Each structure stands twice: as structure tokens, then as C-alpha cells.
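Enquirer: So the working numbering is basically just the index in the sequence shown, starting at one, shifted up by 12.
One or more of the hints may lead you astray.
In the EDC-like style, the derived pairs of lysine to aspartate or glutamate whose C-alpha atoms are separated by at most 20 Å in a straight line are [as the list claims (entries may be wrong)]:
1. 42 / 53
2. 107 / 81
3. 84 / 28
4. 42 / 116
5. 84 / 53
6. 96 / 81
7. 84 / 58
8. 131 / 58
9. 131 / 117
10. 84 / 102
11. 84 / 30
12. 131 / 53
13. 60 / 101
14. 84 / 63
15. 131 / 116
16. 60 / 116
17. 42 / 104
18. 131 / 27
19. 107 / 77
20. 84 / 16
21. 42 / 30
22. 96 / 16
23. 42 / 61
24. 42 / 58
Quick caveat, the hints were computed from the structure, so don't treat them as lab data.
Here the structure is a predicted model, which means the values were calculated and not measured.
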Amino acid sequence: MAGETTITIVGNLVDDPELRFTPAGAAVVKFRIASTPRVFDRQANEWKDGEGLFLTCSVWRQQAENAAETLKRGMRVIVQGRLKQRSYEDREQVKRTVYEVDVEEVGPSLLRASAAVTKNPSGNGGQARGGSWAGAKPTAQQPAPQQGGGWGGGQQASTASAPAPAPGYSDEPPF
13 MAGETTITIV GNLVDDPELR FTPAGAAVVK FRIASTPRVF DRQANEWKDG EGLFLTCSVW
73 RQQAENAAET LKRGMRVIVQ GRLKQRSYED REQVKRTVYE VDVEEVGPSL LRASAAVTKN
133 PSGNGGQARG GSWAGAKPTA QQPAPQQGGG WGGGQQASTA SAPAPAPGYS DEPPF
């Protein structure tokens, strides 16, 4: 939607993701992320932590189930989504305002860790935006791509859901 605030946050999970289901059966997972800026104090010649930002994040449907299986408290993650503001009155009738993120994408940060990606065999398999998961394990429905791809090199194996690339073109990055 136009006018929405998109935000990308890198931080640590404060708690384990909490998976729930709506009455209609849609999965939703909530978790909190803490992002703390660090600044170098030249006078003290050391790094100092700034004020931490804590945001509640919501992930929906299949991605919620994937996040609940994958993410754990303390993990460093990258979250991209829409920033939302919500106001309410607490039990003492004090008006409060909170900021939350409706997550579009979430994954582990690979700055100081490694991760193995496993493609889910059901649904659209992570191709909601027309992309493919490089490095994902092939399933019986999707054969492994042929070796020797790259820019201008050979063709990749096609799948039933995606057309074969044009001759001489590959969507693999050049590195």
C-alpha cells in the first residue's frame, strides 16, 4: 500500500517465537527483536551501547510456521516489514501507543553464523514473489539445477511451475 512505512531491522530475538492459530486456522507467530546501536567513544577509546529498540513482530501463514521452527531466542535476525502504530487503553485507563512490525521477510543474520536452507515441499515453496531459493535442497517435484550455470552459461533444468530461461540467460548471480 502507498504511504506505509517499510523498515529493516537487524537485531537479536528477545524470546522464542510464539506460534498461534486464528479461529479461521491461519498461523501467526509473534516475537520481539532488540536492536542496540553501538558507537565508538573516542575519548574512552571503547565501544558503547546506545539505547535499545525493542519491537514486536508478527509473521503470518506458512512463513509463521517456518519462523517458529527455525528461530530461537538469542538468534541474530534480519527483519523487513511494515511499521504499524497501535493505540489502546491499559487496565488503569491510561492511553498507550505501541509500534509493531508486520513482517514480510525474516531470516537469520549470517554475520557471525551459518544456516542451512531447506525448501518446504508444500504450497508455492517460497516462490510467492517469483524467485527461487538458491542453495535449497531439491525435492521430487523439482529436479536439481544443472551445473555450469551463470551469466551466459548453459541452461538450467526447468520446473513445471517456471518456464525455461531464454537461451544464453541465467538468473544466477555472476559470482
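Enquirer: Against each hint, give a clear statement of whether it holds in the structure.
Expert: Right, here's what the structure says about each hint:
Pair hint residue 42 plus residue 53 does not hold up; C-alpha atoms about 35 Å apart against a cutoff of 20 Å. Note on residue 107 and residue 81: the hinted pairing is violated, with a Cα-Cα distance of about 35 Å set against a maximum of 20 Å. For a cut-off of 20 Å, the pair hint linking residue 84 to residue 28 stands: about 5 Å separates their Cα positions. A distance of roughly 13 Å separates the Cα atoms of residue 42 and residue 116; the hinted pair therefore holds under the 20 Å criterion.
Under the criterion of a C-alpha separation no larger than 20 Å, the hint pairing residue 84 with residue 53 is inconsistent with the structure, at around 32 Å. A threshold of 20 Å between alpha carbons decides the hint, and for residue 96 with residue 81 the separation of about 25 Å lies outside it, so the pair is violated. Between the alpha carbons of residue 84 and residue 58 the distance comes to roughly 30 Å, so the proposed pair goes past 20 Å and is violated. Taking the CA atoms of residue 131 and residue 58, the gap is about 43 Å. The hint is violated against a cut of 20 Å.
Annotation: proposed proximity of residue 131 to residue 117 holds, straight-line Cα distance about 15 Å (limit 20 Å). Distance hint between residue 84 and residue 102 is unfulfilled; the C-alpha atoms sit about 29 Å from each other, more than 20 Å. Taking the CA atoms of residue 84 and residue 30, the gap is near 10 Å; set against the 20 Å cutoff, the hint holds. A C-alpha spacing of about 44 Å is found between residue 131 and residue 53, which places the hinted pair above 20 Å, so the restraint is violated.
Our distance criterion of 20 Å between C-alpha atoms is broken by residue 60 and residue 101, whose separation comes to about 36 Å. For the hint linking residue 84 to residue 63, the alpha-carbon distance of about 23 Å lies beyond 20 Å, and the restraint is violated. Note on residue 131 and residue 116: the hinted pairing holds, with a Cα-Cα distance of about 18 Å set against a maximum of 20 Å. Between residue 60 and residue 116 the alpha-carbon distance is near 31 Å, which puts this suggested pair outside the 20 Å criterion.
At most 20 Å may separate the alpha-carbon atoms for a hinted pair to count; residue 42 and residue 104 exceed this at roughly 25 Å. A C-alpha spacing of about 25 Å is found between residue 131 and residue 27, which places the hinted pair above 20 Å, so the restraint is violated. A distance of roughly 33 Å separates the Cα atoms of residue 107 and residue 77; the hinted pair therefore is violated under the 20 Å criterion. For the hint pairing residue 84 with residue 16, the CA-to-CA distance comes to about 29 Å; that exceeds 20 Å, so the pair is violated.
Annotation: proposed proximity of residue 42 to residue 30 holds, straight-line Cα distance about 5 Å (limit 20 Å). The suggested pairing of residue 96 with residue 16 holds, with an alpha-carbon distance near 8 Å, which does not exceed 20 Å. Pair hint residue 42 plus residue 61 does not hold up; C-alpha atoms about 26 Å apart against a cutoff of 20 Å. A hinted pair counts as satisfied when its Cα atoms are at most 20 Å apart, and residue 42 with residue 58 does not qualify at roughly 35 Å.
In summary, the structure is inconsistent with hints 1, 2, 5, 6, 7, 8, 10, 12, 13, 14, 16, 17, 18, 19, 20, 23, 24 from the numbered list given earlier, while agreeing with the others.
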